Amino acid sequence: MHFQVNGEKNMVFDFTETEEQKLIVKAVKEWCERNLTALRVRQMDDKGHPYPKDIVEGLAKLGVIMGTVPQEHGGLGLDWKTQALIAETIGYYDPTIATAAGFMAVETGWGYTIDRHCSETVREKYVKPAIRGEKFIGIGATEPVGGSDVAGHKTTAKMEGNEWVLNGEKTFISGTEECKMWGGGYWVNARTGPLVPEAPHRNITAFFVPIDADGVEVIEPYKDSGRMAISTGGFVLKNVRLSDEYRLGEVGKGFYHTMEGFDNARLMIGASCAGVIRRILDDAIPYIKERKVFGMPLAKYEAIQFELAEIYMEMEALKLMTMKTAWMQDIRYAEEGLPVKVSEAKTFKPTEVAKWISMIKWKGPFLALKAAEKAMIWLGAAGYTKEYLFEAAWRGVMSYVVGAEGGQNIQKIVIGRELLGKEYVPYK
Amino acid sequence: MPRIIVCLKYAIDVSQIKVDSATRKLLTADAPRKISDFDKNALEEAIRIKEKHGGEVIALTVSSESASSALREALAMGADKAFLVQDSAVQNSDTLVVSQILAEAVKKVGSFDIIICGEASIDSYSGQVGPRLAEILGIPAVTYAHRVGLEGNAIIAERILEDCSEVVKVKMPALLTVTKEINEPRVPTLMDVLKASRKELVTWTLSDLGVSKEKVEAIAIQVLEVSAPKVERKRIKIEGENPKEIAEKLVKALIQDGVLGG
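For the record, the sequence lines run as chains A and B.
The first sequence begins at 285 in the numbering used here and counts up by one.
The second sequence begins at 1198 in the numbering used here and counts up by one.
Honestly, the hints are just simulated from the structure, not real lab data.
Quick caveat, the model's predicted, so the values are computed rather than measured.
Where is the CB? At the ideal position from N, CA and C, for every residue including glycine.
Be aware that a few hints might be false.
[Said to hold, decoys possible] Straight line, CA to CA, 30 Å or less: simulated DSBU-like cross-link-like pairs of lysine-lysine: (1) Lys1368(B) - Lys573(A); (2) Lys1434(B) - Lys337(A); (3) Lys1215(B) - Lys573(A); (4) Lys331(A) - Lys654(A); (5) Lys584(A) - Lys1434(B); (6) Lys1305(B) - Lys1368(B).
[As the list claims (entries may be wrong)] Pulled from the structure, derived: some chain B residues nowhere near chain A, Cβ distances all over 10 Å: (7) Ser1212; (8) Thr1225; (9) Ala1228; (10) Val1364; (11) Thr1376; (12) Ser1394; (13) Lys1396; (14) Ala1417.
Taking the hints into account, I'd like the entire structure generated from these sequences.
Shown next as structure tokens:
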């Protein structure tokens, strides 16, 4: 397929899986079939957090956590297309989304971004151990004032002597209990300069805050409705002193670096939701083919068959969109190169990639939610029981609908900005 | 340090074969292929021996179609090198011919200490290739091994038989066939998969082995037909006053049917 890029040149994208990608997916599937069985996933969802350490260590040994981090930094140097295929597989085997949320979106999406912008100290002490499944690293973006309005956050960081002093509060943060137990830390944004009313995203700087740093107080985890196997909590920062080694990226550029992190995390969400949907269909189809009502299998009723066909079509569209987005992300990163040269990509500028990423972040969770809901309705009472994972999937993907990794309407604002121009962005 | 050759069949994944409901014929043409399950056990055992004693593991496959993905998987699991004998002439080859081709390939690979095969293949399940290969090469064959250890230049293997097990000692070089119970094949890590792409995978044709196509095509056994057994439910409903009575009736019915001994 030929694809016009910036009106300048034709590029060919071919999403046929390579032999290596097929083997990678096969290995992940085989591992999940042994370790993330439906029974285990059900037990994890019923029991709730903390996330089982044996699964994390297994995933890490397999190599799926932060696979895109360069090999010299402890990762595998995978491309995003391959990592998206892995996330899809993880979503398939744990449709409650807890595993994908914790270790694809948060650790892989944000972990990769942390690795791109961190010092060697943070890499050695936190990134590499997280890749090995020993520690947990994540994102602490949301504040009591809100989540999506990143530029409006209140946390501050001031340089005192040769240290940054952070004060603020972060809420609805994934994995706080796991991070507390295993060690690790979070990407945290703080205002490091005056608020510029017409450009509030300026003067924000990103930091890596170790969970056990003096002044970090982890709050009680929330009682969530879904993705029960991983905790959601928060933390308060009271005069947390960090050396400059804990700064992520450039001073004042935290907002842009954060958007990059969201891009990577949202890509993982689109991919894992595609896996969730496929799992829901695979679990529902045998039942509707077998179960007879009024002398005819459920699957023969158009009311069900047509809905199945529609969800399948949408799922395939989501998968294509996800692969195209991952492909764009690969090109963008290849052009930016390492070490970090943010926004130097020529073929796909970050904002262009962000538009596609927002499209899959919007489409994936809503579609997964719909698929789970429909499957429950198709199967009737059986689909409503815990014999199936539909209800757990429904509760889990709802976390992304309500706003994890960016509210759904924010995605439309990003898409609208790219279609109409910056001057049509309704909120700054 | 033993040099181990593992024979892997690129078999039809029988779990994914569809059956034509009218004719009961197996629709094998579109069925995916994979490393035969027991052969994966053979590979795992070879890798474990290598991990304990050092040496080299060589994967060997004879196939009518490209089995490179299966051999890459073998390399990812831990084989050091892989050889694929690929020739369309072997499409309908029987166990005798396949054993002869494997024997030629083994000779071309060079010296070895142990050859390990699965006890049988998942698709045709004849269990003949291993013993035939040993016979052609003139080495001892230890079949149905479910435990294996090395002692000096000998192999100690526990064979699982119908109603007993047997421990045998055999000098290397020797051929083993292993059961499914011997181990659980590992899942390669993604790093192993990446490394596998850099390992050596050599493809030979029959002529590279000096085997004539005519000889290969002159097969001794021709499979005329393979069809799925017809399975029909008996639809017997056992009723009774209480669970004990129902259980007694069920046992009686199973004895009458020959499922349980009387």
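Results of checking the hints against the structure:
{"no.": "1", "hint": "Lys1368(B) - Lys573(A)", "in the structure": "violated (57 Å)"}
{"no.": "2", "hint": "Lys1434(B) - Lys337(A)", "in the structure": "violated (48 Å)"}
{"no.": "3", "hint": "Lys1215(B) - Lys573(A)", "in the structure": "holds (16 Å)"}
{"no.": "4", "hint": "Lys331(A) - Lys654(A)", "in the structure": "holds (25 Å)"}
{"no.": "5", "hint": "Lys584(A) - Lys1434(B)", "in the structure": "holds (29 Å)"}
{"no.": "6", "hint": "Lys1305(B) - Lys1368(B)", "in the structure": "holds (22 Å)"}
{"no.": "7", "hint": "Ser1212", "in the structure": "holds (12 Å)"}
{"no.": "8", "hint": "Thr1225", "in the structure": "holds (21 Å)"}
{"no.": "9", "hint": "Ala1228", "in the structure": "holds (16 Å)"}
{"no.": "10", "hint": "Val1364", "in the structure": "holds (30 Å)"}
{"no.": "11", "hint": "Thr1376", "in the structure": "holds (20 Å)"}
{"no.": "12", "hint": "Ser1394", "in the structure": "violated (6 Å)"}
{"no.": "13", "hint": "Lys1396", "in the structure": "holds (12 Å)"}
{"no.": "14", "hint": "Ala1417", "in the structure": "holds (35 Å)"}
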